[in-house]
Amino acid sequence: MAGFDKVVGSYEEAMAGLDNGMTVIAGGFGLCGIPENLIAQIKRMRVRDLTIVSNNCGIDGFGLGILLEDKQIRKMISSYVGENALFEKQLLEGELEVELTPQGTLAEKMRAGGAGIPAFYTATGYGTPVAEGKEVREFNGRPHILEQSIRGDFAIVKGWKADRYGNVVYRHTAQNFNPMAATAGKITVVEVEEIVEPGELDPTQIHTPGIYVDRLIQGSFEKRIEQRTVRSA
Amino acid sequence: MAGFDKVVGSYEEAMAGLDNGMTVIAGGFGLCGIPENLIAQIKRMRVRDLTIVSNNCGIDGFGLGILLEDKQIRKMISSYVGENALFEKQLLEGELEVELTPQGTLAEKMRAGGAGIPAFYTATGYGTPVAEGKEVREFNGRPHILEQSIRGDFAIVKGWKADRYGNVVYRHTAQNFNPMAATAGKITVVEVEEIVEPGELDPTQIHTPGIYVDRLIQGSFEKRIEQRTVRSA
Amino acid sequence: MALSREQIAKRVARELKDGYYVNLGIGIPTLVANYVPEGMEVMLQSENGLLGMGPFPTEAELDADMINAGKQTVTTLPGASIFSSAESFAMIRGGHVDLTVLGAFEVDVQGNIASWMIPGKLVKGMGGAMDLVAGADNIIVTMTHASKNGESKLLEQCTLPLTGAGCIKKVLTDLAWLEIENGTFVLKERAPGVSVEEIVAKTAGRLVVPDHVPEMTF
Amino acid sequence: MALSREQIAKRVARELKDGYYVNLGIGIPTLVANYVPEGMEVMLQSENGLLGMGPFPTEAELDADMINAGKQTVTTLPGASIFSSAESFAMIRGGHVDLTVLGAFEVDVQGNIASWMIPGKLVKGMGGAMDLVAGADNIIVTMTHASKNGESKLLEQCTLPLTGAGCIKKVLTDLAWLEIENGTFVLKERAPGVSVEEIVAKTAGRLVVPDHVPEMTF
Chain A
1 MAGFDKVVGS
11 YEEAMAGLDN
21 GMTVIAGGFG
31 LCGIPENLIA
41 QIKRMRVRDL
51 TIVSNNCGID
61 GFGLGILLED
71 KQIRKMISSY
81 VGENALFEKQ
91 LLEGELEVEL
101 TPQGTLAEKM
111 RAGGAGIPAF
121 YTATGYGTPV
131 AEGKEVREFN
141 GRPHILEQSI
151 RGDFAIVKGW
161 KADRYGNVVY
171 RHTAQNFNPM
181 AATAGKITVV
191 EVEEIVEPGE
201 LDPTQIHTPG
211 IYVDRLIQGS
221 FEKRIEQRTV
231 RSA
Chain B
1 MAGFDKVVGS
11 YEEAMAGLDN
21 GMTVIAGGFG
31 LCGIPENLIA
41 QIKRMRVRDL
51 TIVSNNCGID
61 GFGLGILLED
71 KQIRKMISSY
81 VGENALFEKQ
91 LLEGELEVEL
101 TPQGTLAEKM
111 RAGGAGIPAF
121 YTATGYGTPV
131 AEGKEVREFN
141 GRPHILEQSI
151 RGDFAIVKGW
161 KADRYGNVVY
171 RHTAQNFNPM
181 AATAGKITVV
191 EVEEIVEPGE
201 LDPTQIHTPG
211 IYVDRLIQGS
221 FEKRIEQRTV
231 RSA
Chain C
1 MALSREQIAK
11 RVARELKDGY
21 YVNLGIGIPT
31 LVANYVPEGM
41 EVMLQSENGL
51 LGMGPFPTEA
61 ELDADMINAG
71 KQTVTTLPGA
81 SIFSSAESFA
91 MIRGGHVDLT
101 VLGAFEVDVQ
111 GNIASWMIPG
121 KLVKGMGGAM
131 DLVAGADNII
141 VTMTHASKNG
151 ESKLLEQCTL
161 PLTGAGCIKK
171 VLTDLAWLEI
181 ENGTFVLKER
191 APGVSVEEIV
201 AKTAGRLVVP
211 DHVPEMTF
Chain D
1 MALSREQIAK
11 RVARELKDGY
21 YVNLGIGIPT
31 LVANYVPEGM
41 EVMLQSENGL
51 LGMGPFPTEA
61 ELDADMINAG
71 KQTVTTLPGA
81 SIFSSAESFA
91 MIRGGHVDLT
101 VLGAFEVDVQ
111 GNIASWMIPG
121 KLVKGMGGAM
131 DLVAGADNII
141 VTMTHASKNG
151 ESKLLEQCTL
161 PLTGAGCIKK
171 VLTDLAWLEI
181 ENGTFVLKER
191 APGVSVEEIV
201 AKTAGRLVVP
211 DHVPEMTF
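Chains as they are written, first to last, in this note's numbering: chain A, 1 to 233; chain B, 1 to 233; chain C, 1 to 218; chain D, 1 to 218.
Careful, some of the hints might be misleading.
[What the hints assert, rightly or not] Just some of the chain A residues that point at chain D, by a computed CB distance under 10 Å:
hint, residue
1, ALA131
2, GLN148
3, LYS161
4, ASP163
5, PRO198
6, GLU200
7, ILE206
8, GLN218
[What the hints assert, rightly or not] If you want the footprint, here are the derived chain D segments under chain B, 3+ residues with CB under 8 Å:
hint, stretch
9, 5-13
10, 46-52
11, 55-62
12, 81-89
13, 119-128
14, 191-203
[What the hints assert, rightly or not] In silico BS3-like pairs for lysine-lysine, Cα to Cα no more than 25 Å straight-line:
hint, chain 1, residue 1, chain 2, residue 2
15, C, LYS124, A, LYS89
16, C, LYS17, A, LYS71
17, B, LYS89, B, LYS71
18, D, LYS170, B, LYS134
19, A, LYS134, A, LYS161
20, D, LYS188, B, LYS75
21, A, LYS75, C, LYS124
It is worth saying that the hints were derived from the structure and are not from the lab. Predicted model only: the values in this text are computed from it and were never measured. From the three backbone atoms N, C-alpha and C, an ideal C-beta is built for every residue, glycine too.
The following block holds chain A by itself, in its conformation from the complex (with noise of 0.2 Å):
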């Protein structure tokens, strides 16, 4: 690896350093746009006591549900989980904690946390079990909260398209919550589908810019859809 070039050999290498105890924020909505991948490389590496950030917890078999299997995740921040029935036990066993955040402070928190703002305020979750303990300040006439902001020692990212040097496009809805994720790792891993070689991605069209991402893998990816709903021709 020389220079700009982030591409990465092996799932081993892209996610090496990772250990028990630490946070990963992996983007993802659904089983939309996650990075089925590295999170199948998590469950490889066996590491235990996991905090993952990541708007859900996938699905019983896919997605982060995997991890559950070998009960390798601590505490879940998220804001809507348990669409399986593993998560369900481990939460009710006391397993697993989970740390229900709303999805646009969720959203907030990750962007924040590669911003460089460790705190905002906002009007969500006023009055709500989620103000619990958290600073209520008024602005405009109306009370609001202090969220603090989001930073893991991993980020794990899915991407469409990445040019080696790591400047990372989405694709349609797969996008979600990618982007903030990238920003918010001490580390950010991006699997993408297809990596092309600088230049051949419009500079006003990056999504995520390289500087953020620290090692990038083409993969293939399952993309299995949760709802599939259509309609006839």
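Got chain A; can you put chains B, C and D on it based on the hints?
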């Protein structure tokens, strides 16, 4: 104007409702990506006592500088000003007030204003005159200051292309402050070089979604260059 | 008779205006899209990062990378835009969405809403609901007026953990259209064939009943 | 002899590492780009929203929409990206830029820097300088060691309004390379032919002088 068609027929219509004492947020950096025709319209309207939020204030005879000629600006909120003699004169004579704001804080204040974040903490400006009167709080062992967001009665924005629904794409570094400005106006007016039909722009490559845009107009632009630096071919 | 799901959606659709950006929650709110009045355009925002949501795809159009906030496969309409979750909630939190329609377990006379958590049951999370109720100025809550065993869901004070405080002004139940003003529900319309008495009986929170309460027509 | 502008730029360039993202301030820092060591790649960030800045354009390439933070017309290199000011300062404030080089009027032993405002003179503004010094972990300040009439600019405490507090660790003047450690300047290198005595005489802030102070070579 029906449905989502944001196109207006004249610059008069584009800036209708702007009144004395209002706050106008303007995109642009130096003379790059400035809404030059919307600024000219403000001059023609002879509205006074404006607060202008913009990284700079143009130069003598161009950009926001032309609003100084008839003393239409009461206050500038900027990171860098005084590239013109008239500005200096009005400032020294006390006819013009300036609130200097670090460039990154200014960008974030606009973004926060548009995003419903009333205030955020930043390390930028701690220990400097910018911090005067602002709350200081430690996060991660480091002092930060509390900065409040900005919204404007109007936002004036220069885009490159837009569809009739107000989805905007910026060209090169003429992007700068424009996307944040676009989110932060009660009324956001965008002028562009070309208006296309909805569906012609790639949905994943929109810089400013049309939801932020109230009025759209196509203009022609002088695009003056401030520092013309070239190399021999 | 109590409104059907479709009638609820139809009644909500009358609150649409041409050029509205609208976020529709999962369930009945989603049906509102089917009743946009002729000649009117509205654009649907889906909080996972999509503005200008179209209908479900055909088999040929089906794309795993193109979903809505309910995780259903969808399409885009011309003039759509797709963006990050942070940008999506900037729109929502910043008050740029014109109308938000969502369900609830309870609402009360202070405009509080409880919609995400029933203590003792497994809590799956609030998703984007807290951001939606905090960010929108114009929210319509759709819900059944009372539980199956007749307990009112329109309360003096919510009993369940809140989704948002003081943010609800309009409620459409299967029995009535109500607005929340100065710490009371105000009965604005009743479902066809539903008596004011039934609504009064099933509303636990303070309720103002005007002299004339028009009946909805469909 | 005191370093020339070019020598200052050359000395700074030795601090570059392959793969560094670098923000260069206006003036001498800009010259650093001319001395990137052979076989090394660095990428220049310009805070108006450009990563991967290239050289000035030819007449044919000249484009009013393509400028740097000094408002000069520039080009992009392959692999460049262009983004908003908010994104640009997210990079800067978030500590993603590897090295920032900028000028100053004064620095002091606490790592404070004053670079934007001389009371009594017209204040044009701080531009992005406050964000740059607050956001970067690795900053090199380039400046003359003393004013034209011999007054030290390396002080016990800055006298001018600050740009940032406690954020500077490395200073390159025309006379010396110094680092700031535990409330003192530490003399690390001296310009060719400049004596330790001269540097001591021209440094007002506490200064630690090691036994051996190597001379820079060019």
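Cross-check of the supplied hints:
1. Against a cut-off of 10 Å between C-beta atoms, the interface hint on ALA131(A) is violated, since the closest Cβ of chain D lies about 27 Å away.
2. Restraint check, GLN148(A) versus chain D: the minimum CB separation of about 15 Å is more than 10 Å; hint violated.
3. Interface hint status for LYS161(A): violated, as the beta-carbon distance to the closest one in chain D is roughly 13 Å, over 10 Å.
4. Because the smallest distance between the Cβ of ASP163(A) and any Cβ of chain D comes to about 6 Å, under 10 Å, the interface hint for this residue holds.
5. Hint status for PRO198(A) relative to chain D: holds, with the closest Cβ pair at about 3 Å, below 10 Å.
6. With a least beta-carbon distance of about 8 Å to chain D, the hint placing GLU200(A) at the interface is held under the 10 Å criterion.
7. Interface restraint check for ILE206(A): the shortest CB-CB distance to chain D comes to about 4 Å, inside 10 Å, so the restraint holds.
8. A least Cβ separation of about 17 Å between GLN218(A) and chain D goes past the 10 Å threshold, and the interface hint is therefore violated.
9. Requiring three or more residues with a Cβ within less than 8 Å of a Cβ of chain B, the coverage given for the stretch 5-13 of chain D is violated, as only 0 such residues are present.
10. Coverage of the stretch 46-52 of chain D by chain B holds. Counting CB-CB distances below 8 Å, 5 residues qualify, and the rule asks for three or more.
11. For a cut-off of 8 Å, the count of residues in the stretch 55-62 of chain D with a CB near a CB of chain B stands at 7, and the three-residue condition holds.
12. Counting residues of the stretch 81-89 of chain D whose CB lies closer than 8 Å to any CB of chain B gives 7, which reaches the minimum of 3, so the coverage claim holds.
13. Restraint check on the stretch 119-128 of chain D versus chain B: 7 residues with Cβ-Cβ distances below 8 Å, three needed, restraint holds.
14. Here's how the stretch 191-203 of chain D fares: 0 of its residues keep a CB closer than 8 Å to some CB of chain B, so the rule of at least three is not met and the hint is violated.
15. In summary, the hint linking LYS124(C) to LYS89(A) is supported, as the alpha carbons are separated by about 13 Å, within the 25 Å threshold.
16. Among the hinted pairs, LYS17(C) with LYS71(A) is inconsistent with the structure: their alpha-carbon atoms are about 50 Å apart, more than 25 Å.
17. A C-alpha spacing of about 11 Å is found between LYS89(B) and LYS71(B), which places the hinted pair at or below 25 Å, so the restraint holds.
18. Between LYS170(D) and LYS134(B) the alpha-carbon distance is near 29 Å, which puts this suggested pair outside the 25 Å criterion.
19. For the hint pairing LYS134(A) with LYS161(A), the CA-to-CA distance comes to about 40 Å; that exceeds 25 Å, so the pair is violated.
20. Between the alpha carbons of LYS188(D) and LYS75(B) the distance comes to roughly 47 Å, so the proposed pair goes past 25 Å and is violated.
21. For the hint linking LYS75(A) to LYS124(C), the alpha-carbon distance of about 14 Å falls within 25 Å, and the restraint holds.
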